[in-house]
Amino acid sequence: MAFLVGVAFAIVWMKDLLAVIMLLGIYGLLSASFFVAMDAVDVAFTEASVGAGISTLLMLVAIALTGRAEHPARHKPLLALAVVIFTGSLLIYGTLDMPYFGLAEAPIHQHVAPRYINDSMQEIGVPNIVTSVLASYRAFDTFGEAVVIFTAGMGVLALLSVARRREDDAKIDLLNIPMHEQHLIPRIVIKMLIPFILLFAFYVQFHGDFGPGGGFQAGVIFAAAIFLYTMLFGMSTAHRVINQSFIQMLAATGVLLYGSVGVVSLLNGKEFFDYSALSADPVGGQHLGILLIELGVGITVASTMVIIFFNFADRKEYPQRKKD
Amino acid sequence: MLMGLYNYWVVVVLMMVGFYIVIAHGNLIKKIVGLIIFQTSVFIFYISMAKVDGGTAPILAEGIKLYSNPLPHVLILTAIVVGIATTALALALAVRIKEAYGSIEEEEIQKKDNQDC
Chain A
911 MAFLVGVAFA
921 IVWMKDLLAV
931 IMLLGIYGLL
941 SASFFVAMDA
951 VDVAFTEASV
961 GAGISTLLML
971 VAIALTGRAE
981 HPARHKPLLA
991 LAVVIFTGSL
1001 LIYGTLDMPY
1011 FGLAEAPIHQ
1021 HVAPRYINDS
1031 MQEIGVPNIV
1041 TSVLASYRAF
1051 DTFGEAVVIF
1061 TAGMGVLALL
1071 SVARRREDDA
1081 KIDLLNIPMH
1091 EQHLIPRIVI
1101 KMLIPFILLF
1111 AFYVQFHGDF
1121 GPGGGFQAGV
1131 IFAAAIFLYT
1141 MLFGMSTAHR
1151 VINQSFIQML
1161 AATGVLLYGS
1171 VGVVSLLNGK
1181 EFFDYSALSA
1191 DPVGGQHLGI
1201 LLIELGVGIT
1211 VASTMVIIFF
1221 NFADRKEYPQ
1231 RKKD
Chain B
21 MLMGLYNYWV
31 VVVLMMVGFY
41 IVIAHGNLIK
51 KIVGLIIFQT
61 SVFIFYISMA
71 KVDGGTAPIL
81 AEGIKLYSNP
91 LPHVLILTAI
101 VVGIATTALA
111 LALAVRIKEA
121 YGSIEEEEIQ
131 KKDNQDC
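Residue numbers (my numbering), protein chains in the order written: chain A, 911 to 1234; chain B, 21 to 137.
Since the hints were derived computationally from the structure, they do not count as laboratory data. Keep in mind the model is a prediction, meaning the values are calculated, not measured. All C-beta atoms, glycine included, are put in the ideal place defined by N, C-alpha and C. Mixed in with the good hints, there may be bad ones.
[To be verified] Below, computed lysine-lysine pairings styled on DSBU-like, alpha-carbon distance capped at 35 angstroms:
#  : chain 1 : residue 1 : chain 2 : residue 2
1  : B       : Lys51     : A       : Lys1226
2  : B       : Lys51     : B       : Lys132
3  : B       : Lys132    : A       : Lys1226
4  : A       : Lys1226   : B       : Lys85
5  : B       : Lys131    : B       : Lys51
6  : A       : Lys1226   : B       : Lys131
7  : B       : Lys118    : B       : Lys131
8  : A       : Lys1180   : B       : Lys85
9  : A       : Lys1180   : A       : Lys1101
10 : B       : Lys118    : B       : Lys132
11 : B       : Lys51     : B       : Lys118
[Stated by the list, open to error] Label pairs and their computed distance ranges (CB to CB):
#  : chain 1 : residue 1 : chain 2 : residue 2 : range
12 : B       : Lys85     : A       : Lys1226   : 36 to 44 angstroms
13 : B       : Leu80     : A       : Val1151   : 35 to 43 angstroms
14 : B       : Glu127    : A       : Tyr1010   : 43 to 51 angstroms
15 : A       : Asp1224   : B       : Glu127    : 46 to 54 angstroms
16 : B       : Gly83     : A       : Leu1006   : 19 to 27 angstroms
17 : B       : Leu80     : A       : Leu1109   : 24 to 32 angstroms
18 : A       : Tyr1010   : B       : Gly122    : 49 to 57 angstroms
19 : A       : Asp1224   : B       : Asp133    : 48 to 56 angstroms
20 : A       : Ser1071   : B       : Lys85     : 25 to 33 angstroms
21 : B       : Gly83     : A       : Leu1198   : 27 to 35 angstroms
22 : B       : Gly122    : A       : Glu1033   : 56 to 64 angstroms
23 : A       : Ile1152   : B       : Leu80     : 46 to 54 angstroms
24 : A       : Phe1156   : B       : Glu119    : 36 to 44 angstroms
25 : B       : Asp133    : A       : Leu1109   : 16 to 24 angstroms
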């Protein structure tokens, strides 16, 4: 915990944005290990792949586009400090009423949690309670979140997409070839690693019922493998391997798959996302429903992350021509 | 007695550090970093509340009676992924601002805006 605070303060003082982003990666990794200590293995998994991996990468691409030096001028740090200290002390005053950390009698543990812990095995048949709450009890929420992620991906697409031209590709190729020949060792090592990363992503995707994991984590890991590939072999190679419009289709397909599971149960006369409609045996239906929904989430997350990354990187490689 | 609230205080400190970065720094990327720190402090707050002393990770197994609360885990898990998607959107906006104004410093942007009208 103290480490986290230290890193956060270091971020305030650093002027060089590259160093700030590296510190942010460390911060993500530290908070992931804190989540493990707090028994939240699923959350730690997500934070490690998102906070320490993907977000660092995205920020790096962004500062490559915007420049890394921060202006020294600050507006009225004293006023800001006063506001911050005032708000902070109010919040600390608020915590004095809170139940102590780790108490089993705290109100938060009395509401719906006992039901999830005691009944989910009979009702859902999945050992990982986090997965059963995520994909079954609160499927409606998760659907909303998948849609938010999809919408953010579309927003990035709308803001940053550039129309590519054929002749540009040829030029970039010439630039890329000598550059990528230099890094022989990382290239070979990562070439060997990528299949394992992809395999691990699938394991996380389909093993989410029993251990920590699920669609969100798997999608992020899958996207990370593609990012690695892109960084080593250059954008033009990656574009040849991965078709942009296909990825955009996939992102929409993921959301559609999720939604259609809900519609199927509606058509069968049950409530939205009531999986018992999917199969004669209610627990079997739950299994099928969770599997389909996690698949939808995984596809959406992976393809949205790839869309976001490609659009940032494209912006870098094909600088915008003057308002054409 | 004091240790009982220690986690929440660390959360408050982290949150205020993030808040300070957002209001006191002019650089848009730095502001986004501040927002991420703020966001993570909220995650830590939720996860701290979910912890039960002596409990274990909420994956059902034989012979274990006490589990941590799974509900906050679910909420935060999805919030992290949604957070990175919205962060990406914010970064995309910053990139567009850089292209339109040639700078991502708040003051320079405002100066340019004032010159225009």
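Status of the hints after comparison with the structure:
Restraint check for Lys51/B and Lys1226/A: the C-alpha separation of about 22 angstroms stays at or below 35 angstroms, so the hint holds. For the given pair, Lys51/B sits about 20 angstroms from Lys132/B by alpha-carbon distance, which is consistent with the 35 angstroms threshold. Of the supplied pair hints, the one linking Lys132/B and Lys1226/A holds, its CA atoms being roughly 25 angstroms apart against a limit of 35 angstroms. Distance restraint check for Lys1226/A and Lys85/B: the Cα-Cα separation of roughly 54 angstroms exceeds the 35 angstroms cut-off, and the hinted pair is therefore not satisfied.
Taking the CA atoms of Lys131/B and Lys51/B, the gap is about 19 angstroms. The hint holds against a cut of 35 angstroms. Proposed proximity of Lys1226/A and Lys131/B is supported: the alpha carbons are some 27 angstroms apart, at most 35 angstroms. For the hint pairing Lys118/B with Lys131/B, the CA-to-CA distance comes to about 14 angstroms; that is within 35 angstroms, so the pair holds. Proposed proximity of Lys1180/A and Lys85/B is supported: the alpha carbons are some 34 angstroms apart, at most 35 angstroms.
Distance restraint check for Lys1180/A and Lys1101/A: the Cα-Cα separation of roughly 48 angstroms exceeds the 35 angstroms cut-off, and the hinted pair is therefore not satisfied. Between the alpha carbons of Lys118/B and Lys132/B the distance comes to roughly 12 angstroms, so the proposed pair stays at or under 35 angstroms and holds. The hinted pair formed by Lys51/B and Lys118/B meets the criterion: a straight-line CA distance of about 15 angstroms does not exceed 35 angstroms. About 54 angstroms separates the C-beta atoms of Lys85/B and Lys1226/A, a value inconsistent with the hinted range of 36 to 44 angstroms.
Distance hint for Leu80/B and Val1151/A: a CB-CB separation of about 41 angstroms, consistent with the stated range 35 to 43 angstroms. A hinted range of 43 to 51 angstroms holds for the C-beta pair Glu127/B and Tyr1010/A, which are about 45 angstroms apart. Taking 46 to 54 angstroms as the suggested C-beta distance range, the pair Asp1224/A and Glu127/B does not conform, at roughly 30 angstroms. Checked against the given bound of 19 to 27 angstroms, the beta carbons of Gly83/B and Leu1006/A, roughly 38 angstroms apart, lie outside it.
Range check, Leu80/B to Leu1109/A: Cβ separation about 27 angstroms, and the 24 to 32 angstroms hint holds. The given range of 49 to 57 angstroms is respected by Tyr1010/A and Gly122/B, whose C-beta atoms sit roughly 53 angstroms from each other. Look at Asp1224/A against Asp133/B: about 29 angstroms separates their beta carbons, and that is not inside 48 to 56 angstroms. Distance hint check: the CB atoms of Ser1071/A and Lys85/B are about 53 angstroms apart, inconsistent with the given range 25 to 33 angstroms.
The hinted range of 27 to 35 angstroms is satisfied by Gly83/B and Leu1198/A, whose Cβ atoms lie roughly 29 angstroms apart. For Gly122/B and Glu1033/A, the hinted distance range of 56 to 64 angstroms is satisfied, since their beta carbons lie about 58 angstroms from each other. Between Ile1152/A and Leu80/B, the C-beta spacing of about 39 angstroms breaks the proposed range 46 to 54 angstroms. Between Phe1156/A and Glu119/B the CB atoms are about 28 angstroms apart, so this pair departs from the stated range of 36 to 44 angstroms.
Taking the beta carbon of each, Asp133/B and Leu1109/A are about 52 angstroms apart, not inside 16 to 24 angstroms as hinted.
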